[in-house]
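Colleague: Below, each chain spelled out in residue letters.
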Amino acid sequence: METEQGLESHEAASDDRVGFGFWVYLMTDLLMFSVLFATFSVLRNNTAGGPMGNELFKLPGVLAETLILLTSSFTAGLGMLAARRGSKSQVLMWFGLTFLLGVAFLVLELKEFAAFVHEGHTWRSNASLSSFFVLVGTHGAHITSGLLWMGTTLVYIWKRGLDSHLVRKLSLLSLFWHFLDIVWIFIFTVVYLMAFV
Amino acid sequence: MKEFLLGKLTDQSLPHEWFTIGGTIGFILLPIAVLAILVRIKGWKWLWGEWLTSVDPKRIGIMYFIVAGFMLVRGGLDALMVWLQQALAPSTAVLGAAHGYLSADHFQQIFTAHGNIMVFFVAMGFVFGLINYIVPLQIGARDLASPFLNTLGFWLYVGGVLMVNMFFGLGGEYAATGWLAVAPLSDLQFSPGVGVDYWIWSLQISGIGTTLAGINFIMTILKMRAPGMTLWKMPLFTWGSLCSMIMVVAVFPLLTATLFLMFFDRYFGMHFFTTTLGGNAMMYTNLIWMWGHPEVYVLVLPAFGIFSEVVATYSRKAIASYGSQVIAMFGVTLFALSVWLHHFFTMGAGADVNAFFGVMTMVIAIPTSVLMFGWIATMHKGRIKFTLPMMWFLGFVGIFAIGGMSGVVLAVPPADFQLHNSLFLVAHFHSNVIGGVLFGIFAGINYWFPKFAGFRLNERIGRQAFWCWIVGFCLSFIPMYILGIMGATRRLDHYDPSTGWQPFYIMMFIGGLIIAVGVALQIVQVIASAIQKRQLVDTTGDPWDGRTLEWATASPPPSYNMAVIPNITTRDPLVEFKKNGFPKQPYEDIHMPYNTASGIYIAACAFATCFALVWHINWLAVAGLVGVVVCFIARTFNDKTEYTVTAKEIEKLEYDREEADRAKKPEPGEDMSLWEFIKIAVAWALGLIGLKRRAHGN
Amino acid sequence: MSSNPTHKPGTQPEHHGTMTSYVTGFILSLIFTLIPYYLVTHKTFDKTELLLIIFGFAVLQMAVQVIFFLHLGREKKPHWNTLFLISTISIIFLVVGGSLWIMKNLHYNMAGMEVMDKIATDEAVYQVGGKQAGTCPAGTGTNHEIMLMGNVATPTHVDAHVCDTITFMNHDATTREISFGTSAQPAMYAGEGSMTAYGRHDTPMRLTELGTYKFHDSKEARITGDFTVTN
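Residue numbers (my numbering), protein chains in the order written: chain A, 1 to 197; chain B, 1 to 698; chain C, 1 to 231.
Check each hint, because a few of them may be wrong.
What the hints assert, rightly or not - Stretch by stretch, here's where chain C covers chain A in the computed footprint (C-beta under 8 Å, at least three residues):
#1 18-27
#2 31-39
Claimed, not checked - Computed far set for chain C versus chain A, every beta-carbon distance over 10 Å:
#3 74
#4 190
#5 206
If you are wondering where the hints come from, they were derived from the structure by calculation, not from laboratory data.
All values reported here derive from a predicted model rather than from experimental measurement.
Virtual Cβ for every residue (Gly too), placed ideally from N, Cα, C.
Given only the sequences and the hints, what does the whole structure look like? Please build it.
Modeller: Now the structure itself:
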């Protein structure tokens with residue numbers, strides 16, 4: 001005979017498992033990034049006569065991107081607090097804000113890429129630029145996937161309301177979003193700041 | 001317009017040489033024909049509903065075995081073709097080849113395919129099949145943590161298998177670069193065809209499937225054990241699988257990233273590993289071996305686990321030192337991550353780098369020896385039954401030890417400068433992979449076959465197969481060690497007859513033929529056992545007087561594995577239960593997952609994307625990617641994924657099953673001999689012809 | 001068993017955040033972002049120190065976010081998440097650090113000739129009697145100029161020490177091939193038979209071998225001279 005507690009503990013165990021499984025997936029994603037970081041570190045000076053990082057990057061813009069992404073991580077956290085309180089309108093507001101900040105980040109990043117390409121510095125120019133575009137671009141692709149995930153979830157919440165399944169989905173999503181901010185910290189430091197040291 | 005629709009595909013891509021035509025018939029059309037016959041006999045609904053969309057790890061495990069077995073035949077044929085070429089090369093030139101019967105380029109494609117198939121699709125397939133089937137039973141779980149990821153992982157693996165066979169039908173070439181496609185040979189400049197692209201995507205798609213499966217198994221083992229089963233009470237096959245899966249999630253992401261970088265070089269003209277504009281080909285070698293070395297330990301750790309189970313059961317003793325076995329497995333896992341440079345000692349890093357990695361490589365021998373001595377100590381003062389799995393174990397001890405020792409020789413950088421990429425190296429790793437991984441798989445399949453099928457395997461024919469393998473292996477690989485020390489390089493499609501190597505190569509080919517007979521006998525063994533299944537039936541679910549939980553279920557187990565998950569108090573729980581009685585617990589409702597086709601759909605879209613990227617069909621690549629995303633989102637928003645089997649239903653199912661078991665009685669009779677099987681097979685074949693004659697003539 | 005009505009099913013109270021943790025994490029992250037930015041744009045430290053400091057701040061900020069945003073360590077025992085994260089970070093150090101160590105080593109030993117020359121020059125590896133004798137103790141020594149103008153070399157004799165340089169300053173438009181030894185008896189210097197002094201360019205050569213050497217231009221007889229290299 002199924003008890004109320006039985007169902008609850010079954011769901012709790014399932015949530016715990018899914019949360020842990022997603023965590024392990026995030027670890028594998030981190031390891032993929034580590035290869036890109038290793039490749040960038042090894043190839044960053046192989047410019048074949050082309051410009052080095054300190055001649056290309058504009059630090060103020062990068063700082064803006066960093067602060068935007070950090071703030072979006074904060075608003076995502078506030079969104080999670082609202083989700084656990086069960087407040088649908090607050091969830092939509094905070095995660096909506098996170099979404100907009102994420103879009104702003106992407107726009108700034110794409111503008112940076114476009115500027116480089118316009119000047120003739122593409123990912124085909126040399127190894128250094130190839131590794132730059134792939135490392136930063138992969139992070140951007142992850143941000144894009146996160147925004148897609150966020151958008152579809154928010155639409156779902158708007159139409160169907162908040163329930164325990166969606167709270168679980170939001171917690172995984174916010175985990176993903178925080179993790180992307182952590183990767184960005186290292187991109188900011190290793191790719192951009194270290195170019196000027 | 002045609003270019004937009006078809007990318008680089010032309011009618012020249014269709015098969016027009018003897019081997020592409022042969023390969024298309026043998027490896028694409030034949031499996032399709034078999035599937036068609038199956039559908040004809042049993043119906044599409046049966047195939048789709050019972051097997052293809054199943055999320056039951058037992059079903060998925062059997063499907064892994066079937067695909068892996070099929071690829072074993074293909075990989076083995078590749079090996080025979082290589083040996084034949086090398087045996088014939090100095091004295092013959094036929095079929096338009098300059099030496100032997102294969103052109104140099106074709107020869108290179110064959111050994112590349114051989115390596116990829118054996119590592120990715122045979123070894124990983126069998127290992128994943130065993131882990132899928134047995135680990136949930138051993139830990140008292142009903143299913144894996146994510147049944148959906150399980151089926152998705154399997155179908156991505158099948159996608160990889162399809163990709164590595166697809167080139168026969170479209171494209172006509174595979175990578176000719178060796179199984180790891182080292183740069184710069186694999187760059188677009190030096191490999192402009194689609195071969196390397198097929199290589200990239202067959203590895204990438206199955207690699208992602210492996211990573212997902214790894215996450216799934218870790219979740220299951222860490223979070224879904226029976227109550228009371230602490231980690232320190234887990235069976236050793238589960239430990240071996242856990243260590244292996246931890247290594248999978250640690251290193252397969254490295255492979256995924258590296259393959260993407262190689263893809264970017266070839267598709268987008270980037271410069272990671274190119275010879276110009278700053279690319280560094282040595283970085284590719286560094287990255288690919290960071291994955292490549294731990295990969296072989298991924299394969300062998302479950303085999304170590306299998307041997308622990310087999311030796312303990314057939315020695316009728318608990319494993320000699322459980323703690324040191326676990327710590328040794330963990331030691332192997334840890335050290336495996338810090339030795340990768342030994343694959344490129346000769347690439348030019350200095351003495352201090354080489355020395356560090358040489359020492360670390362030698363250190364790995366220590367935990368491996370601990371395991372080896374642990375098994376032998378288990379046999380000491382045991383009441384040993386020399387069944388077929390034990391024979392495979394003893395074969396492993398001899399051959400794997402030789403492989404390991406030759407590995408320690410290679411670990412010394414100055415020695416490696418002489419032996420790198422020689423046949424000594426090839427003999428070393430084949431001793432370890434065949435002696436360790438493959439023999440472990442064979443032992444495991446013979447050991448657990450009654451659990452899978454409800455009847456055990458024929459011992460007589462099995463022994464004959466075993467001896468063919470041992471004799472064939474020695475005849476093939478002992479000359480290989482000698483040739484390596486004499487200076488023979490690997491991957492030679494021809495050599496000067498004045499070297500005096502030809503007799504050795506001929507010996508190796510004959511050894512290969514004997515191994516092929518062994519494989520054929522293993523297939524015969526399965527068929528003969530099926531014919532005799534009433535004599536070989538397993539009535540109790542525990543034919544070997546086992547020690548671990550999987551033997552406490554029916555053979556084969558019902559979909560929910562066990563009606564009641566018992567409380568565990570000791571290691572080797574079955575020994576405890578047989579002494580003090582099985583725990584009596586009331587039946588409870590069980591949640592079972594529905595079958596799902598999402599895995600197939602997502603894998604199909606992923607396959608379409610990968611295929612499109614090989615042929616630069618951009619619209620299809622985008623469409624496939626969109627398909628993956630849409631199917632995935634659809635799946636995550638599907639809330640109805642489980643159904644309940646009520647306690648009452650379980651009670652009835654268990655009662656029916658027990659009644660059926662009581663009625664089962666093994667018929668008397670000896671295991672069929674090979675001669676008797678041949679007689680039956682000939683009679684059946686004649687009967688088919690007779691039927692045809694009757695249908696036509698009268 | 002008491003069920004907690006304020007928590008939705010499937011959530012555990014221990015490892016959620018609170019407003020405090022998110023705000024603290026945010027403010028600390030801001031600080032740990034702005035400080036390294038300031039340090040780099042104002043070049044406050046030396047290269048190696050600055051690299052370590054900003055990397056340290058990155059690690060610190062990661063710890064802040066992992067603790068305050070991801071609430072690591074607060075899940076119930078066993079702490080699998082923490083264990084997996086620490087293992088992953090260790091492997092990342094192995095992958096990145098190992099790659100850097102190996103590739104740097106390979107670059108040093110396996111680089112092409114242009115890089116080898118540069119390395120030999122940078123490390124001022126010099127030869128005595130054709131054998132490597134060690135690095136130049138005080139870096140690069142004095143520079144001696146030999147001017148090529150109007151088809152004549154000035155001066156025609158140079159006394160130098162090992163690790164000094166001689167720069168051929170070619171003021172003519174014609175490129176000169178300066179060969180060592182005489183046309184009757186050609187010689188090698190530091191493994192080279194000759195060097196090219198491009199028109200209107202300065203071409204330096206490092207003095208890594210001891211001894212007295214003659215030089216000449218095979219096409220222009222008036223360009224000739226010698227130099228002596230001592231310890």
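Colleague: Evaluate each hint against the coordinates.
Modeller: Here is what the structure says about each hint:
1. With 4 residues bearing a CB less than 8 Å from a CB of chain C, the stretch 18-27 of chain A meets the requirement of three and the coverage assertion stands.
2. Evaluation of the coverage hint for the stretch 31-39 of chain A: fulfilled, as 6 residues show C-beta separations to chain C shorter than 8 Å, against a requirement of three.
3. Residue 74 of chain C, annotated as away from the interface, keeps every beta carbon of chain A farther than 10 Å; the closest lies near 13 Å.
4. Listed as a non-interface residue, residue 190 of chain C keeps its Cβ farther than 10 Å from every Cβ of chain A; the least gap is roughly 27 Å.
5. No Cβ of chain A approaches the Cβ of residue 206 of chain C within 10 Å, the least distance being about 24 Å, so the stated non-interface status holds.
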